[in-house]
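Top line first, the protein sequences correspond to chains A and B. The end of the first sequence is residue 160 by my numbering, with every number in the run present. The end of the second sequence is residue 1114 by my numbering, with every number in the run present.
Possibly wrong hints are sitting among the right ones.
[Claimed, not checked] In the BS3-like style, the derived pairs of lysine-lysine whose C-alpha atoms are separated by at most 25 Å in a straight line are: (1) A/Lys126 to B/Lys1104; (2) A/Lys63 to B/Lys1104; (3) A/Lys92 to A/Lys63; (4) A/Lys95 to B/Lys1069; (5) B/Lys1104 to A/Lys57; (6) B/Lys1105 to A/Lys65; (7) A/Lys28 to A/Lys63; (8) A/Lys110 to A/Lys148; (9) A/Lys28 to A/Lys65; (10) A/Lys110 to B/Lys1069; (11) A/Lys63 to A/Lys26; (12) A/Lys28 to A/Lys95; (13) A/Lys57 to A/Lys126; (14) A/Lys63 to A/Lys95; (15) B/Lys1069 to A/Lys148; (16) B/Lys1104 to A/Lys26; (17) A/Lys57 to A/Lys95; (18) A/Lys95 to A/Lys148; (19) A/Lys110 to A/Lys57; (20) A/Lys28 to A/Lys57; (21) A/Lys65 to A/Lys110; (22) A/Lys110 to A/Lys126; (23) A/Lys110 to A/Lys92; (24) A/Lys26 to A/Lys65; (25) B/Lys1069 to A/Lys126; (26) A/Lys63 to A/Lys148; (27) A/Lys110 to A/Lys28; (28) B/Lys1069 to A/Lys26; (29) A/Lys26 to A/Lys57; (30) A/Lys65 to A/Lys148.
Please keep in mind that the hints were generated in silico from the structure rather than gathered at the bench.
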Amino acid sequence: MSIIINTIESILGIRTNYSFPERIAKGKELLGRANSSIKILSGTLNSEFYGNEEILKALRESKAKVEIIHGPNVEENIISGLENLSPNGRIKLYKLDTEPLGHFMVIDEKHVRVESDHLATEKEKKAFIKYNSLFLAQRLDEEFMALKANHEAGSSIKLK
Amino acid sequence: MTPDSCIYALTAIIVPIFLAIDTYLAYHTDIIYTRQAIYIETGFGILSLSLIWSSIILAAINMSGGTGKIAVIIITVVAGAAITALLFFYACLLSELAMYRLHKKAQNNRIIKS
């Protein structure tokens, strides 16, 4: 029965945060699939997730280029923790002046993790992972690149 | 009503119900990934695919007049695989649309801060 459920979940996508350990395990699994790129759009880079040793290990051991766009209110130890993972500049962080909305993660333009909306004081309520997406990963990748281009040009952030 | 027409009728009733449930779930992201929704999807999915394959096998047998076994197998495999692939594609597309709607909702909701 679990094989059938897993198959259905892989078709529908996977809800990751039934529990915290599952959220970390699924996040680690997703990051482990990266071959060329990991693109993350986040607000405060939640310390429970981005400070977790399993997640940091997955990012450290990945061969993929990592780009993270985050909001202005991120704990300094999270920033330095991520920057120190790769001294050769494989991991790049971009700080925005305002909080980005609609947080997501795109892996190799193929796999995606999308968060539901949540308050600043809340952890993410729900997040969903879709492997081998048909169009969503590419669409979110374009949004990420547009946001990054705006940031690099020094212009104000325009969310689609 | 013959057994064949019973299978056809059941297929004609169950498959649209399955597609309707699938579509309904895609528009309600909050419930699509609950265990209950996945059980419903699994149950209706298996039932629908079983009925579709049964109908195709029966139709292929009836069309060949019970003689050409190879023709029956070819028609069954090709038509069955095509319809199964279409259903899987539809389910994948709906789930991604649901996630995209969730993302847009998060973008449009100005209370999000982290």
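Comparing the hints with the structure gives:
no.: 1; hint: A/Lys126 to B/Lys1104; verdict: 15 Å, holds
no.: 2; hint: A/Lys63 to B/Lys1104; verdict: 31 Å, violated
no.: 3; hint: A/Lys92 to A/Lys63; verdict: 14 Å, holds
no.: 4; hint: A/Lys95 to B/Lys1069; verdict: 66 Å, violated
no.: 5; hint: B/Lys1104 to A/Lys57; verdict: 31 Å, violated
no.: 6; hint: B/Lys1105 to A/Lys65; verdict: 29 Å, violated
no.: 7; hint: A/Lys28 to A/Lys63; verdict: 14 Å, holds
no.: 8; hint: A/Lys110 to A/Lys148; verdict: 19 Å, holds
no.: 9; hint: A/Lys28 to A/Lys65; verdict: 16 Å, holds
no.: 10; hint: A/Lys110 to B/Lys1069; verdict: 42 Å, violated
no.: 11; hint: A/Lys63 to A/Lys26; verdict: 19 Å, holds
no.: 12; hint: A/Lys28 to A/Lys95; verdict: 24 Å, holds
no.: 13; hint: A/Lys57 to A/Lys126; verdict: 23 Å, holds
no.: 14; hint: A/Lys63 to A/Lys95; verdict: 23 Å, holds
no.: 15; hint: B/Lys1069 to A/Lys148; verdict: 60 Å, violated
no.: 16; hint: B/Lys1104 to A/Lys26; verdict: 23 Å, holds
no.: 17; hint: A/Lys57 to A/Lys95; verdict: 23 Å, holds
no.: 18; hint: A/Lys95 to A/Lys148; verdict: 10 Å, holds
no.: 19; hint: A/Lys110 to A/Lys57; verdict: 22 Å, holds
no.: 20; hint: A/Lys28 to A/Lys57; verdict: 9 Å, holds
no.: 21; hint: A/Lys65 to A/Lys110; verdict: 15 Å, holds
no.: 22; hint: A/Lys110 to A/Lys126; verdict: 21 Å, holds
no.: 23; hint: A/Lys110 to A/Lys92; verdict: 20 Å, holds
no.: 24; hint: A/Lys26 to A/Lys65; verdict: 20 Å, holds
no.: 25; hint: B/Lys1069 to A/Lys126; verdict: 51 Å, violated
no.: 26; hint: A/Lys63 to A/Lys148; verdict: 21 Å, holds
no.: 27; hint: A/Lys110 to A/Lys28; verdict: 16 Å, holds
no.: 28; hint: B/Lys1069 to A/Lys26; verdict: 47 Å, violated
no.: 29; hint: A/Lys26 to A/Lys57; verdict: 14 Å, holds
no.: 30; hint: A/Lys65 to A/Lys148; verdict: 15 Å, holds
Of the hints listed earlier, those the structure fails to meet are numbers 2, 4, 5, 6, 10, 15, 25 and 28, in rising order.
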